[in-house]
Amino acid sequence: MSNEVVDMITVVIDGFEVSVPKGTLVIRAAEKLGIQIPRFCDHPLLDPVGACRQCLVDIEINGRAFPKPQASCTIPVEPGMIVKTQLTSAVAKKAQEGVMEMLLINHPLDCPVCDKGGECPLQNQAMSNGQSDSRFEGTKRTFEKPIHISSQVLLDRERCVLCARCTRFSEQIASDPFITLNERGALQQVGIYEKQPFESYFSGNTVQICPVGALTGASYRFRARPFDLVSTPSACEHCASGCSLRTDVRRGKTLRRLAGDDAEVNEEWNCDKGRWAFKYVTAADRLTHPMVRNASGELQEASWPEAIAAAAAGLQKTSAAVLVGGRASVEDAYGYSKFARVTLGTNNIDFRSRISTAEERDFIASTVVRAKTTYRDIDRADSVLLVGFEPEEESPIVFLRIHKQVRKRALKVTAIASKLSIGNEKLSANFVCVAPGSEATALPSVALTAQSVILVGERACESAGLLSAIAALAEKTGAKLAWIPRRAGERGAIAAGAIGNLLPGGRPVADASARVDVAAAWGVTSIPSSLGLSSDEIIAAVNKGTIGALVVGGVDPLDGENHHEMLEALQKAFVVSLEIRPSAVTTLADVVLPVAAVTEKSGSFLDWEGRSRNFEAAVVDSLQRSDVRLLSMIADEMSKPISLSTVKAASKEFASLGNWDGAPSALSLTSVQTVSALQANEALLTSWRRLLDEGSLQQGEENLAGTARKPVVVISPKRAASIGVTDGEAVRVSNSHGAIVLPVLVEAIHDDAVWLPRNSRGSHLLATFGVASGAVVTVVKD
Amino acid sequence: MAFTDKDLQVMDSIINRYPRKRSAIMPLLHYAQSRDGFITSDGIETIAKKLDLETAEVSAVATFYTQYKRKPVGEYHVGVCTNTLCAVMGGDEIFAGLKDHLGIENDGVTADGKVSLEHIECNAACDFAPVVMANWEFYDNQTVQSAKDLVDSMRAGKPKAPTRGPDVLQNWKETSAVLAGINDGHANEGVQAGAPTLLGLNISKKGARG
Numbered sequence: 023m024s025n026e027v028v029d030m031i032t033v034v035i036d037g038f039e040v041s042v043p044k045g046t047l048v049i050r051a052a053e054k055l056g057i058q059i060p061r062f063c064d065h066p067l068l069d070p071v072g073a074c075r076q077c078l079v080d081i082e083i084n085g086r087a088f089p090k091p092q093a094s095c096t097i098p099v100e101p102g103m104i105v106k107t108q109l110t111s112a113v114a115k116k117a118q119e120g121v122m123e124m125l126l127i128n129h130p131l132d133c134p135v136c137d138k139g140g141e142c143p144l145q146n147q148a149m150s151n152g153q154s155d156s157r158f159e160g161t162k163r164t165f166e167k168p169i170h171i172s173s174q175v176l177l178d179r180e181r182c183v184l185c186a187r188c189t190r191f192s193e194q195i196a197s198d199p200f201i202t203l204n205e206r207g208a209l210q211q212v213g214i215y216e217k218q219p220f221e222s223y224f225s226g227n228t229v230q231i232c233p234v235g236a237l238t239g240a241s242y243r244f245r246a247r248p249f250d251l252v253s254t255p256s257a258c259e260h261c262a263s264g265c266s267l268r269t270d271v272r273r274g275k276t277l278r279r280l281a282g283d284d285a286e287v288n289e290e291w292n293c294d295k296g297r298w299a300f301k302y303v304t305a306a307d308r309l310t311h312p313m314v315r316n317a318s319g320e321l322q323e324a325s326w327p328e329a330i331a332a333a334a335a336g337l338q339k340t341s342a343a344v345l346v347g348g349r350a351s352v353e354d355a356y357g358y359s360k361f362a363r364v365t366l367g368t369n370n371i372d373f374r375s376r377i378s379t380a381e382e383r384d385f386i387a388s389t390v391v392r393a394k395t396t397y398r399d400i401d402r403a404d405s406v407l408l409v410g411f412e413p414e415e416e417s418p419i420v421f422l423r424i425h426k427q428v429r430k431r432a433l434k435v436t437a438i439a440s441k442l443s444i445g446n447e448k449l450s451a452n453f454v455c456v457a458p459g460s461e462a463t464a465l466p467s468v469a470l471t472a473q474s475v476i477l478v479g480e481r482a483c484e485s486a487g488l489l490s491a492i493a494a495l496a497e498k499t500g501a502k503l504a505w506i507p508r509r510a511g512e513r514g515a516i517a518a519g520a521i522g523n524l525l526p527g528g529r530p531v532a533d534a535s536a537r538v539d540v541a542a543a544w545g546v547t548s549i550p551s552s553l554g555l556s557s558d559e560i561i562a563a564v565n566k567g568t569i570g571a572l573v574v575g576g577v578d579p580l581d582g583e584n585h586h587e588m589l590e591a592l593q594k595a596f597v598v599s600l601e602i603r604p605s606a607v608t609t610l611a612d613v614v615l616p617v618a619a620v621t622e623k624s625g626s627f628l629d630w631e632g633r634s635r636n637f638e639a640a641v642v643d644s645l646q647r648s649d650v651r652l653l654s655m656i657a658d659e660m661s662k663p664i665s666l667s668t669v670k671a672a673s674k675e676f677a678s679l680g681n682w683d684g685a686p687s688a689l690s691l692t693s694v695q696t697v698s699a700l701q702a703n704e705a706l707l708t709s710w711r712r713l714l715d716e717g718s719l720q721q722g723e724e725n726l727a728g729t730a731r732k733p734v735v736v737i738s739p740k741r742a743a744s745i746g747v748t749d750g751e752a753v754r755v756s757n758s759h760g761a762i763v764l765p766v767l768v769e770a771i772h773d774d775a776v777w778l779p780r781n782s783r784g785s786h787l788l789a790t791f792g793v794a795s796g797a798v799v800t801v802v803k804d
Numbered sequence: 023m024a025f026t027d028k029d030l031q032v033m034d035s036i037i038n039r040y041p042r043k044r045s046a047i048m049p050l051l052h053y054a055q056s057r058d059g060f061i062t063s064d065g066i067e068t069i070a071k072k073l074d075l076e077t078a079e080v081s082a083v084a085t086f087y088t089q090y091k092r093k094p095v096g097e098y099h100v101g102v103c104t105n106t107l108c109a110v111m112g113g114d115e116i117f118a119g120l121k122d123h124l125g126i127e128n129d130g131v132t133a134d135g136k137v138s139l140e141h142i143e144c145n146a147a148c149d150f151a152p153v154v155m156a157n158w159e160f161y162d163n164q165t166v167q168s169a170k171d172l173v174d175s176m177r178a179g180k181p182k183a184p185t186r187g188p189d190v191l192q193n194w195k196e197t198s199a200v201l202a203g204i205n206d207g208h209a210n211e212g213v214q215a216g217a218p219t220l221l222g223l224n225i226s227k228k229g230a231r232g
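Chains as they are written, first to last, in my numbering: chain U, 23 to 804; chain C, 23 to 232.
Please note: incorrect hints may appear among the correct ones.
List of simulated lysine-lysine pairs, DSBU-like, C-alpha gap at most 35 Å [as the list claims (entries may be wrong)]: (1) U:Lys301 / U:Lys275; (2) U:Lys803 / U:Lys167; (3) U:Lys674 / U:Lys740; (4) C:Lys71 / U:Lys448; (5) U:Lys448 / C:Lys43; (6) U:Lys732 / C:Lys43; (7) C:Lys28 / U:Lys740; (8) U:Lys217 / C:Lys71; (9) U:Lys732 / U:Lys448; (10) C:Lys227 / U:Lys217; (11) C:Lys228 / U:Lys217; (12) C:Lys136 / U:Lys434; (13) C:Lys136 / U:Lys217; (14) U:Lys301 / U:Lys167; (15) U:Lys740 / C:Lys71; (16) U:Lys803 / C:Lys28; (17) C:Lys43 / U:Lys430; (18) C:Lys72 / U:Lys732; (19) U:Lys162 / C:Lys91; (20) C:Lys71 / U:Lys426; (21) C:Lys121 / U:Lys162; (22) C:Lys195 / C:Lys43; (23) U:Lys339 / U:Lys594; (24) U:Lys167 / C:Lys121; (25) U:Lys732 / C:Lys136; (26) U:Lys430 / C:Lys195; (27) U:Lys448 / C:Lys136; (28) C:Lys121 / U:Lys426; (29) U:Lys448 / U:Lys167; (30) U:Lys803 / C:Lys72; (31) U:Lys217 / C:Lys28; (32) C:Lys93 / C:Lys228.
Worth flagging that the hints you see were computed from the coordinates, not collected in a lab.
Could you build all of it, start to finish, from the sequences and the hints given here?
And the structure:
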């Protein structure tokens with residue numbers, strides 16, 4: 023960036039000279055001098071609008087003065103410009119005071135009960151730039167209050183100063199213009215269309231940027247005063263976008279989370295899941311005490327020493343493997359990784375608690391560990407290719423970043439998928455429609471350069487041969503490649519070596535010098551040399567009797583295609599479960615150890631870029647412990663210590679290991695499978711998880727759940743005609759395991775495909791069908 | 023009332039007049055009004071779908087402009103200018119007289135559905151003050167009596183012709199269709215700029231000649 027030539031313009035503001043890049047707004051240039059001009063509508067990430075008129079200043083250019091004060095948020099600097107703000111111009115000061123008096127005419131004096139009170143730009147600037155008295159003696163305009171513009175966002179119209187930040191955000195940033203300025207004159211107001219609530223995945227940002235208390239979140243309303251909250255910078259635990267957040271806690275309880283400010287990653291935004299899905303932490307069924315299965319087969323509360331001893335004893339007796347899940351912090355994943363190698367003496371560890379393949383494991387070791395693609399690369403890309411990846415649903419900040427460039431410079435986006443998604447429509451993507459499983463066949467038709475970016479999602483592994491074809495395509499074209507998993511912990515788990523073919527730092531298990539490297543660092547004589555089993559293989563091995571114990575952390579058996587086998591394995595094996603809430607795993611476990619949620623511990627995630635996202639414990643007095651501390655205790659008990667008694671120790675040791683600088687493992691090409699011919703009424707299943715769905719970390723927040731997209735079955739017009747249904751009619755999708763009945767939506771989708779949400783209300787594909795993509799299902803009118 | 027296939031075709035022909043679809047929003051709202059008499063939910067949803075807009079965006083435009091009505095109006099919608107000049111020239115009396123005569127308030131509709139009443143902002147016809155409009159056609163230099171006669175003629179089904187503009191007064195729906203850009207053949211009828219409008223211009227022209 024530094025070698026770009028920027029024209030600088032020098033202007034004088036309140037007698038001080040300042041040089042700023044051409045195009046800078048007067049209000050920003052003043053900020054550079056530390057001069058704060060009051061404002062409401064101005065937001066650095068939204069287009070200038072000049073709606074509130076609060077930022078009026080006196081301006082002259084080369085001796086010619088504007089006849090009236092001008093809005094400094096809409097005027098770019100020019101050579102020879104002299105600006106006088108409220109600090110040096112009586113005219114500007116009076117103009118600002120006048121505007122403030124006008125804005126306050128209809129504004130209620132309800133600051134003591136308003137959620138914004140104490141952190142309100144209107145309240146603050148009325149104090150700093152307003153007058154103590156108003157000349158208004160009439161009756162204030164009132165509205166019915168509040169109105170629900172979605173189940174999560176409430177609107178108190180009489181507080182609104184019509185700055186249009188929310189409506190501009192919805193249109194310009196989220197591309198969800200479900201709220202608009204309605205009516206005119208004194209009745210002008212923000213509103214929705216009566217039948218279309220403000221159900222945007224990004225609606226919470228409007229609550230955050232509202233400069234008054236007009237927009238509030240239902241879950242925080244009347245819960246706290248800002249000055250009673252203790253704020254801690256945190257990272258989001260939901261997806262791999264890597265949002266920086268702020269967690270606000272009052273008396274040991276998280277009351278809200280806000281988007282943090284990080285220009286490189288989430289800018290100033292986040293998604294509604296990251297903002298509002300935190301109630302799982304305070305769920306009534308949180309595990310608080312260790313439990314051990316007693317002689318009569320019941321789980322019974324136990325003391326920590328008892329539970330640790332029971333876990334150690336069970337793991338010592340037999341060969342054990344580790345299923346860590348994709349939600350662990352880097353430090354915890356590193357703990358599991360070291361625990362498997364040092365304490366259990368095995369490479370049988372896999373973080374992929376979802377549909378996964380051997381091809382994907384090779385792709386991770388050969389390609390993902392080397393990927394250095396970043397958000398900046400999206401900013402500079404000449405085109406973006408999306409494969410097996412729906413950014414709006416699966417990594418929403420990646421979606422916002424792509425959308426920003428689409429809006430700014432018409433960035434070309436190509437999506438290879440079976441169904442055109444709402445998100446890809448908003449990106450004006452070139453939709454390359456393929457049958458599920460045939461994605462790889464469309465790759466050769468996409469023109470890519472070394473300036474292009476390929477974003478591939480975790481679902482790509484569900485299409486055999488796709489990942490290796492993508493790696494080959496990136497190699498051939500020089501395009502930048504990024505693999506974007508859905509869960510926050512997956513990229514970190516790879517770096518920590520929580521997978522059977524990699525040791526920490528991307529070191530291949532198969533490489534003897536890599537093993538020696540790690541063995542030396544860990545002070546052990548050797549690291550097991552045989553390639554570890556995958557999740558599915560571990561489960562199969564348990565059921566075959568070759569593995570007798572499992573350490574399971576943060577895994578939902580229903581996230582995989584073989585949940586029957588997994589439940590059977592959990593029943594068979596000696597299971598140590600590290601969990602925050604009861605689950606199918608804890609129910610079957612022999613030892614249950616409660617662990618801390620993200621807000622209760624420190625640690626870090628690696629986002630999809632591989633960028634470290636640190637977080638501190640927001641709830642400082644939590645008694646819950648991070649997984650790594652418990653693993654360290656078990657390891658001590660087993661006399662094969664991993665010596666990671668604190669998160670800090672894990673973090674330090676992991677950092678000191680560094681990254682592998684030897685050759686990465688090679689990727690062998692997996693052949694593309696041919697799709698079998700379909701009978702009439704048969705279709706190939708395709709699906710993805712919606713951002714807001716029945717995910718376990720979203721439980722307990724009904725207001726948020728109310729804004730989720732409604733579950734539907736999507737089929738093509740051709741199929742709709744052949745089975746005789748129209749929009750809204752019930753359709754039955756089934757296979758030999760089960761059936762799902764949902765209203766149909768006829769849309770742009772491959773004629774051979776049928777789409778359902780993977781894990782939404784009434785549509786749990788893995789639980790019902792045992793499959794989620796590529797498989798043949800029957801689609802009929804219900 | 024649901025839109026017929028023919029209605030949807032007309033909408034398409036209106037959209038095709040513009041390089042970008044969304045530019046057709048205002049004529050389409052007039053057209054929807056010409057079919058339903060006012061802007062219905064069906065109208066907003068149909069237009070949003072046709073223009074690839076969100077319903078909120080269409081609703082924002084429909085609620086901003088007072089020419090779009092969100093509830094039924096009369097067959098003849100009468101507007102009395104009550105801005106400063108018309109008001110002092112008799113507009114206030116005319117408005118009060120019509121309310122009394124029709125037995126309705128501002129924004130009201132007579133029980134027979136024939137006439138609705140609204141006080142309106144300046145129509146740029148101050149030189150003909152006080153001005154009354156019916157379905158957006160001009161009735162210049164009105165009195166309380168002439169306005170009452172006008173609404174009586176509407177209720178009798180034989181509305182008087184406008185004093186400027188077309189030779190006949192179309193009903194509300196027909197006028198909405200004209201505003202949607204559908205030619206009713208009356209476009210070139212009537213006086214465009216009357217004598218009072220040109221008075222100043224003529225004086226200045228004379229003066230310039232000396």
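Please verify whether C:Lys93 and C:Lys228 have alpha carbons no more than 35 Å apart.
The given pair, whose Cα atoms are some 51 Å apart, is violated under the 35 Å limit.
Check your understanding: Between U:Lys674 and U:Lys740, is the straight-line Cα distance small enough, at 35 Å or below?
Key -> Roughly 59 Å separates the two Cα atoms, so the pair is violated.
Q. Straight-line Cα separation of C:Lys136 and U:Lys434 no greater than 35 Å?
A. 55 Å, violated
Self-check item: U:Lys167 paired with C:Lys121 [C-alpha distance capped at 35 Å]
Solution: 33 Å, holds
Satisfaction of hint between U:Lys430 and C:Lys43, Cα-Cα up to 35 Å
21 Å, holds
Quickly compare the C-alpha distance for U:Lys448 and C:Lys43 to 35 Å and report which way the hint goes.
Status holds; Cα separation ~16 Å.
Does C:Lys227 pair with U:Lys217 here, judged by a C-alpha cut-off of 35 Å?
58 Å, violated
Practice prompt. Could you grab the alpha-carbon distance between U:Lys448 and U:Lys167 and see if it respects the 35 Å cut-off?
Written response: 32 Å, holds
>> For U:Lys339 and U:Lys594, compute the direct alpha-carbon distance and say whether it is at most 35 Å.
In response: The hint holds at about 14 Å.
Are the Cα atoms of U:Lys430 and C:Lys195 separated by 35 Å or less? 42 Å, violated
* Asked: Regarding the pair U:Lys803 and C:Lys28, is the alpha-carbon distance no greater than 35 Å?
  -> With Cα atoms ~31 Å apart, U:Lys803 and C:Lys28 stay inside 35 Å; holds.
Given the proposed pairing of U:Lys217 with C:Lys28, does the C-alpha separation stay at or below 35 Å? 26 Å, holds
The structure does not agree with the numbered hints 2, 3, 10, 11, 12, 25, 26, 27, 28 and 32 stated previously, though it agrees with the rest.
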